[in-house]
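*Asks:* Chain residues, written in single-letter form:
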Amino acid sequence: MPLPIGDVIGLMVDNLKKRKTVFPIPRKRAIEWANGLNIPEGGKTVIYTGSMYQLLPYMIAAVKNMELIEDSFLGKFVFMGRFFNRMFNVSAFVSMPKKADVKRYKQIVYNIAKLLKKAGVEFGYLYKKELYSGTLAYDLGVDDAFSLQAKRVYELLKENGVSTVITVDPHTTNMMRSVYPTIIDGYDIEVKSYLEVLAAIDDFQPIHSVEKEITVHDSCVYARYESVIDEPRQLLKRAGYTIKEPKDNKALTHCCGGPIESIFPKMSHTIGKNRVQQLKDATNGGAVATMCPICMASLKKASGDGLEIEDISSFLVKAFCD
Amino acid sequence: MTKVNPDFIKKVATSEEFNATACINCGVCTAVCPMDVELLPRKLFRYALLGLEGKVLENTNVIYQCLLCKMCEENCTADVHIAENVRFLRSYISKEVFKL
Amino acid sequence: MEKGSGTAGEQSPPRVLVFSTVFISDVGIDLAGSSHMHYPPSSIAIPLPCSSGIKPEWILYALQHGFDGVFIAADGTDCPFVPDCTDRTAKIVDDGQKLLEENNIEPERLKMAAVCSVCAEPFVKHMKNFQESLKKLRPTQGAD
Amino acid sequence: MSERRIGVYICHCGGNISDFVEVEKVRDAIENEEGVTVAKTTMFACSDAAQQEMINDIHEHKLDGLVVASCSPTLHTFTFRGVAERAGLNPYQYVQVNVREQCSWAHTDLKEQATEKAIYMVKAGIAKVRLTHPLKKTRIDTVPRTLVIGAGISGLRAAIAHSDLGISAFVIEKSDRIGGWVSEFGKMYPHNRLGSDLITELSEEIKKRENIHIYTEAEILTKSGSVGDFDVKIKVKNEEISLNVGSIIVATGFASYQPYEGEYAYGTDGVLTLPDFKELIDNSKGEIIYQGKPVKNVTYIYCVGSRDSSGEKGHTYCSRYCCNAAIHASLIANDVSSELNQFHIYRDIRTYGKYELLYREALQKGAVFIKFDEASPPRVEKSNGRFNVQVKDVLTFGEEIEIESDLVVLVTAMEPRENKAMNDVLKLPVSLDGFFKEIHPKLRPVETVIDGVLIAGTSQAPRNSAESVAMSLAATSKSASLLMKGYVELEPLIAMVNEDTCVWCGKCSEACPYSAIEKISSGEKEIAAINTAQCKGCGCCVPVCPENALTIKGYTDEQIRAMIDAMEVLL
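Residue numbers (my numbering), protein chains in the order written: chain A, 21 to 342; chain B, 226 to 325; chain C, 93 to 236; chain D, 7 to 577.
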């Protein structure tokens with residue numbers, strides 16, 4: 021028996037409305053990736069994480085719990101969680117992330133910022149003020165909650181004088197670049213993915229030589245929603261990697277299964293496995309590069325230990341940074 | 226036997242945000258869908274267009290199973306905004322059923 | 093040349109001369125062909141303006157010169173020339189059958205039916221039935 | 007050896023003939039026939055190149071006879087007569103042999119026998135040509151007047167178009183008013199003008215003209231004479247009037263299919279035919295009210311009386327106009343009441359061309375289209391004053407759906423009008439569908455086998471008013487090109503008298519349906535003489551002559567015997 025959809029969504033929506041994020045995590049956890057980078061607070065151009073990478077370890081843990089109760093009688097009691105969640109941060113209790121996961125996802129955002137710095141991009145960060153983009157609420161069709169969140173984000177950017185946003189994941193890119201303008205009148209924020217920013221800087225050249233075959237796993241959202249297809253390839257190529265393409269790629273990329281993980285964990289896993297097979301068929305001892313935290317989590321889970329899967333930024337820092 | 230609900234047609238099928246009338250029923254969307262669920266998305270949209278609210282709600286699970294990955298949309302010959310339509314059905318259910 | 097009938101075991105199909113009409117029955121026969129309806133290829137049509145203009149002598153001549161039967165695909169009531177075409181053609185058939193009898197040819201070898209401009213199916217049926225009934229008759233008397 | 011020099015061309019017709027008849031074998035079999043000078047096969051005998059080749063051969067080999075073995079003579083007799091004429095060969099020394107419709111297509115199952123049959127047919131054609139003589143056409147002066155039968159939009163428009171060209175038109179209309187169906191229509195697509203306004207406009211235009219005469223409650227009684235010069239008797243109310251016209255335009259329109267009792271609950275209040283529904287909405291303002299109750303849901307059932315593959319109750323053909331008409335009506339209904347819920351239960355939507363815009367508009371306005379299969383038609387039941395329409399939707403692979411409706415509209419077929427009395431006079435061929443039949447749907451779309459009698463509008467096939475008017479103008483241009491030339495040339499394939507053997511018994515004259523045979527004196531005796539303008543070449547006089555003195559040119563005793571002889575060969 022699948023989980024009661026309405027209640028699972030309700031849990032997330034309640035969180036979004038009350039705690040401004042779907043999976044509430046301690047604020048300091050969300051910003052600790054920036055330690056040691058000396059990124060100024062605020063500024064006209066800011067890096068915007070939307071907490072996507074930082075949330076992932078918590079989501080992985082939460083889904084694990086859901087998976088356990090998906091087929092058990094406990095599934096019926098999810099609504100009770102929703103009821104208590106209004107008073108206590110239930111999801112934070114039930115989902116204790118693995119330390120290794122926290123570290124891995126923190127490192128990715130750190131790497132991205134490092135790449136931007138190395139390329140000479142000047143940017144700030146909103147630290148504790150930064151908000152979740154609301155993407156999950158949007159996907160689940162909870163329009164009121166989403167639009168509330170979108171407006172919060174826009175107000176935040178305006179209050180801090182931000183005019184350009186550099187995003188680090190496809191979902192936040194899509195929300196801030198393509199969806200917000202449809203619900204916010206006069207929306208005037210320029211939004212670019214860090215991959216687009218880096219690819220456009222011709223002077224940004226590698227300092228270490230790398231030799232490896234990398235299979236590119238396009239994110240559905242980057243490839244089909246935002247047409248970010250060439251940039252990751254350009255950067256990998258510039259870095260010196262040999263690019264491999266899986267059977268379904270670019271605009272016809274195969275989904276990792278991640279988007280439905282919070283409601284249909286098992287089905288999501290099957291989709292992930294199908295994709296992993298395609299990636300394995302293309303990869304011959306090399307690695308797979310993802311560019312979305314959800315893709316990475318789904319594929320890692322589906323592949324077990326059989327395949328090296330890393331965020332594209334991890335491969336890029338090896339060539340471009342010291 | 227499922228009853229047609231004209232109000233549902235007014236709220237969903239003819240809503241500007243739901244554009245499945247352009248569908249030519251070719252079925253490519255269903256063929257390329259990684260979910261491999263017969264109902265997604267062609268038949269589901271057909272239910273919506275016909276005003277079969279009962280059938281749509283009966284399949285709430287399937288509506289949330291969509292990955293919104295847009296593989297179908299990329300291959301759609303009739304330019305149906307499939308992902309947006311699915312999202313619209315979810316938003317309908319969120320409001321009308323889950324009361325969110 | 094000789095007629096190939098009479099070879100033991102395999103009798104060649106009866107040859108039928110069809111007198112058709114340019115505006116009506118020939119059009120019906122055309123339709124049978126356009127619709128790829130099959131009838132025995134040993135039926136061949138000579139189109140005339142109107143079935144009321146057929147000479148009984150021609151019928152006798154055909155039966156004496158290699159044909160086993162003559163079928164008049166008459167205009168019937170569709171005739172663009174004369175409203176009483178059926179009666180006129182029927183008289184020709186009467187006269188023709190008398191002429192055949194005088195010449196020791198079975199009158200059954202002459203048959204008439206109205207075939208309209210869309211009578212594709214009836215025509216095919218007539219051809220098949222007429223061929224069958226001709227097979228039951230002895231070989232043509234007057235054949236060379 | 008014959009002194010004749012005949013060219014024989016055997017057509018592949020792409021593969022229509024050559025796929026089933028070995029044309030080379032046919033050529034080989036006939037090339038040594040007596041009189042054959044040229045024997046060729048050709049891919050498309052009707053192509054310009056092939057025609058030119060024939061002309062060159064006629065010149066080069068001084069040919070005096072031409073045989074083309076190809077398709078039905080109905081299609082290309084005039085084409086190849088033209089070829090002969092252009093090459094200086096008398097067109098009546100040409101014979102077309104129908105090895106397609108009457109051979110290759112009819113015997114696709116027996117290739118060998120089809121080839122043999124084709125050989126006989128071509129040999130017969132050669133035998134016939136061998137006995138041809140040059141013939142001349144008869145010239146008849148035409149009268150610049152036309153008779154239009156039917157005063158609907160097609161007939162009225164044809165009358166005005168004739169008048170524009172200086173040709174007088176007599177319009178006869180069976181009913182007591184002009185305008186036909188269109189005069190009863192409300193808003194029409196795409197201009198949204200009222201049908202009744204269109205008819206008023208035509209009628210005003212006609213009033214201004216002196217050379218158009220309209221007779222209502224009028225019927226045709228008799229017709230004699232020939233193309234260019236018909237004598238017609240008409241009955242107007244109780245009066246008989248004689249008219250002399252050069253052409254006749256038949257624009258008698260269509261009838262609307264009447265569903266049988268119980269067909270989709272027809273006969274129950276609230277089940278309407280499309281014409282009834284149009285009347286209802288044309289007279290509605292602000293809200294559609296049926297029998298005192300407001301209408302909220304309307305369900306249309308398409309193809310009622312059309313596309314019945316069994317042909318038992320309805321017609322087998324598609325009525326073509328109805329998808330457009332029903333959708334257009336539904337949009338007008340939507341204009342009257344935008345709150346209306348409309349359900350279209352269809353088999354295939356055939357809103358061709360610009361009518362597709364109507365379909366789109368209907369979709370945009372929220373109409374629901376449900377596709378059904380002929381094998382499981384919708385069921386209509388009435389309960390508590392409303393209809394419950396049940397249908398299996400093909401596009402959801404047979405989902406059973408129930409629609410509550412206040413009205414059920416049966417989108418009914420167009421069918422041929424009952425015209426027996428008229429057609430007893432005109433003798434026009436009728437197609438399998440019951441509509442009047444043209445000589446050729448593409449090449450001669452408004453002409454009938456009766457020279458000078460043209461068909462227009464829905465008397466010929468189901469079509470909408472725009473298409474009907476287009477056909478009526480096509481018929482007008484055909485009629486006018488005939489009448490404005492001042493004369494027509496009649497086929498010379500008519501009767502002739504053997505003056506030596508004729509002894510004037512008068513039997514031929516009695517047999518002639520056209521009063522074309524008269525007694526004349528020739529030297530010491532009386533003989534029969536043929537009036538070449540009256541004779542139609544039917545041949546009715548031929549078998550009645552006790553002296554064998556009559557014959558039809560092109561169908562002489564010698565020719566028929568020669569054709570039979572040519573086919574008298576081993577099977």
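The hints are simulated quantities; they were obtained by calculation from the structure and are not laboratory data. Just so you know, these numbers come straight off a predicted model, no measurement behind them. Where hints are given, some of them may not hold.
Said to hold, decoys possible - The list that follows gives simulated cross-link-like pairs (lysine-lysine, DSBU-like), each with its CA atoms no further than 30 Å apart:
(1) A:K212 x A:K286
(2) C:K220 x D:K513
(3) C:K203 x D:K117
(4) B:K228 x A:K37
(5) A:K149 x A:K264
(6) D:K513 x C:K183
(7) D:K448 x D:K484
(8) B:K236 x D:K398
(9) D:K433 x C:K203
(10) C:K217 x D:K433
(11) D:K484 x B:K236
(12) A:K138 x A:K148
(13) A:K286 x B:K228
(14) A:K64 x A:K119
(15) B:K320 x A:K84
(16) A:K137 x A:K37
(17) D:K117 x B:K280
*Asks:* For every hint, state whether the structure bears it out.
*Replies:* Do the hints match the structure? See the list:
With a CA separation close to 34 Å, the supplied pair K212 of chain A and K286 of chain A exceeds the 30 Å bound. Restraint check for K220 of chain C and K513 of chain D: the C-alpha separation of about 37 Å exceeds 30 Å, so the hint is violated. A C-alpha spacing of about 27 Å is found between K203 of chain C and K117 of chain D, which places the hinted pair at or below 30 Å, so the restraint holds. Note on K228 of chain B and K37 of chain A: the hinted pairing is violated, with a Cα-Cα distance of about 37 Å set against a maximum of 30 Å.
For the hint pairing K149 of chain A with K264 of chain A, the CA-to-CA distance comes to about 40 Å; that exceeds 30 Å, so the pair is violated. Proposed proximity of K513 of chain D and K183 of chain C is supported: the alpha carbons are some 14 Å apart, at most 30 Å. Our distance criterion of 30 Å between C-alpha atoms is met by K448 of chain D and K484 of chain D, whose separation comes to about 14 Å. Of the supplied pair hints, the one linking K236 of chain B and K398 of chain D holds, its CA atoms being roughly 23 Å apart against a limit of 30 Å.
About 25 Å separates the Cα atoms of K433 of chain D and K203 of chain C, which keeps this hinted pair within 30 Å; it holds. Between the alpha carbons of K217 of chain C and K433 of chain D the distance comes to roughly 26 Å, so the proposed pair stays at or under 30 Å and holds. Simply put, K484 of chain D and K236 of chain B have alpha-carbon atoms about 56 Å apart, too far for the 30 Å limit, and the pair is violated. With a CA separation close to 24 Å, the supplied pair K138 of chain A and K148 of chain A stays within the 30 Å bound.
Among the hinted pairs, K286 of chain A with K228 of chain B is inconsistent with the structure: their alpha-carbon atoms are about 33 Å apart, more than 30 Å. The hinted pair formed by K64 of chain A and K119 of chain A fails the criterion: a straight-line CA distance of about 34 Å is larger than 30 Å. Only pairs whose Cα atoms come within 30 Å are accepted, and K320 of chain B paired with K84 of chain A is accepted, the gap being roughly 28 Å. Of the pairs offered as hints, the one joining K137 of chain A and K37 of chain A is violated, with about 35 Å between alpha carbons and a cut-off of 30 Å exceeded.
At most 30 Å may separate the alpha-carbon atoms for a hinted pair to count; K117 of chain D and K280 of chain B exceed this at roughly 57 Å.
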